[in-house]
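Take the sequences, apply the hints, and build the full model.
2 protein chains.
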Amino acid sequence: MNVLEAIESRRSVKNFDPTHQMPETDVARLIELTKLAPSSFNMQNYRLVLVKDPALRKQVRAVAWDQAQITDASLLFILCADLNAHRKNPGRYWAHAPQPVQDILVPAMGAFYEGHPQLMRDEAMRSTALAGMTLMLAAQGLGYQSGPIVGFDPAAVAELIRLPEDHVISFIVVVGRGTVPAWPRGERLSDAEVVIEDRFA
Amino acid sequence: MNVLEAIESRRSVKNFDPTHQMPETDVARLIELTKLAPSSFNMQNYRLVLVKDPALRKQVRAVAWDQAQITDASLLFILCADLNAHRKNPGRYWAHAPQPVQDILVPAMGAFYEGHPQLMRDEAMRSTALAGMTLMLAAQGLGYQSGPIVGFDPAAVAELIRLPEDHVISFIVVVGRGTVPAWPRGERLSDAEVVIEDRFA
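In order, the protein sequence lines correspond to chains A and B.
Residue numbers for the first sequence follow our numbering, beginning at 1 and rising by one.
Residue numbers for the second sequence follow our numbering, beginning at 1 and rising by one.
No lab work stands behind these hints: they were computed from the structure.
C-beta atoms are modelled at their ideal positions from N, C-alpha and C, and glycine is treated no differently.
One or more of the hints may lead you astray.
Sample of chain B residues with no beta-carbon within 12 Å of chain A, all distances over it, derived [to be verified]: (1) Asn15; (2) His20; (3) Pro23; (4) Asn42; (5) Ala62; (6) Val63; (7) Pro107; (8) Glu114; (9) Gly115; (10) Arg162; (11) Thr179; (12) Pro181.
Rough simulated footprint, nothing fancy, chain A against chain B, three-plus residues with beta-carbon under 8 Å [stated by the list, open to error]: (13) 30-37; (14) 46-54; (15) 90-97.
Dropping the structure here:
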């Protein structure tokens, strides 16, 4: 599927075929493509919690406004991030680069994030969304439908998935075979509101 | 271009042809596609500041580690978000939906965000990144290259673009004709580290 067509046809689907099982090759391909999303300093701080256990799916649904897609979609990814990725053996993120580049970027990464907790959290949200958007468009390309979800209790989900103290949950992405088309797409705000030339008035 | 190929071929490019001028039809198409990214409650809280003024480009570059792509790329988008989008005539985001749906979702949106400043900020970062990833893949599909940038002084850029008090800057995306290929893609972390089945250990 053409990328422009994928962007145009992707919708946030809420109803999925609960009997559909995704072939493992497609699951692996989705993950491989998701990992090609860019991340700040290539630190790949996103973590993909793939919930397969049906009992755990039900528990997540119970703290997510009982949304049916949480249990019905073929795949449920809880997108999390490691807030301290910049501290965890950061040299490995640049092991592919020439040594002089490594010598600049690896210390710069630490200096950029360390002591800036809001920036670390912002980066967690950005990285997971870059990865999640890539995942949803990759799913579209593989013939699936998807949906992003923020309507859940993050503290309750954190407990269910034993989220480490230095990680944060961002949002959920479900992927599978949609059964009911999404509503007609909502009106887009005008360019006059969304696009600002040079500076705000 | 196939969407999977777009994801695989997209790289974060740093060197652009400063003489290239993008046709207005392509600029409009990029913006149209970017606006198809999903947002929580369809509130479209992202704002795209498109910096055209060369003098302003230079000023942004001066507070962005002097990165050449800030002035050289054909397009410079500063991705911002309105933290209070949920308050600003929110009925319009669901004007397309049946009345009973509107009656549920519009008040739910307010209840979800109001009084939760960290959640409002998280949503700003997520929405802008979903839009930014869509923009970068759309650019790829139109035959351009792109790059995301977080290396700048957000307070200084906010002043330059007269960012309103209730908005926040997320990151920058440049788009244009790349002149130097990106370095070979960095090593990806293993699935063993990035993909967690069901719950953390």
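Worksheet item: So which hints don't hold here, by number, going up?
Response: 4 and 10
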